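Asker: Sequence:
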Amino acid sequence: MYEFSVPMALADFVPVALFAVAAVLMQRDLYNKMPKHAYACFAAGCVDVFLAGFLKALWKLLYAMNLCDFHVLNTMFLPVQSIGLLLTGFGLILMLTSRCSAALAVAPPVFAGTFVFIAMMVAGLGAMCASLGIVAARMKKKGLIVLFVLTFLCYMAMGYLASRDGSSAAMNWIEQGVNTLGQALLLCGVVSLHRAGLRELDRSAIVG
1 MYEFSVPMAL ADFVPVALFA VAAVLMQRDL YNKMPKHAYA CFAAGCVDVF
51 LAGFLKALWK LLYAMNLCDF HVLNTMFLPV QSIGLLLTGF GLILMLTSRC
101 SAALAVAPPV FAGTFVFIAM MVAGLGAMCA SLGIVAARMK KKGLIVLFVL
151 TFLCYMAMGY LASRDGSSAA MNWIEQGVNT LGQALLLCGV VSLHRAGLRE
201 LDRSAIVG
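For the sequence shown, the working numbering gives the first residue as 1, with consecutive numbering after it.
What the hints contain is simulated information worked out from the structure, not anything from laboratory work.
Just so you know, these numbers come straight off a predicted model, no measurement behind them.
Take every hint as true, because none was put in to throw you off.
DSSO-like cross-link-like pairs, simulated, lysine-lysine; straight-line CA separation at most 30 Å:
#: 1; residue 1: K140; residue 2: K36
#: 2; residue 1: K36; residue 2: K141
#: 3; residue 1: K36; residue 2: K142
Let the hints inform the model, and build the full structure from the sequences given.
Answerer: Now the structure itself:
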């Protein structure tokens, strides 16, 4: 039994919405700086991450309203979000290293349990936050690196909290609070890059 309430379930949509706004801004600002294959990876990853969060929040809402326990929406969260973050991070790395991208090879993921998905999530998220930090540094906005580091740490805290007992209301509120904070930090960083002129910036200014 899960101690979900309707307000708790609705609150779970907040970080999903924050990520969606950040993702749309990043896609618009970076579109003219990415090779097509890099943008395809990045955009697909963003969609995966959004869907994973949205469907899990929907599961909580259905459960809290005592309509049904559509548990597959919960169990699919980790693999879908992990693959999404991996694609997002890889797309940004391809953007930053496009001159030598042909030498990069992607080994097919091995689906061998939860650890594989966690490793993919950490790798993808680390690549995304690191890439955005590099972009910030090249735009002379080094202070924004702190926001992307804190975003990464919030996601790591989310991973730890997810490994704990997820049935109690208290743990769910803490998890949602950390998730909302992480997405808010990401959105603040992305909005700051947007306002600093990332969209109009010449690609050569950020690509190494």
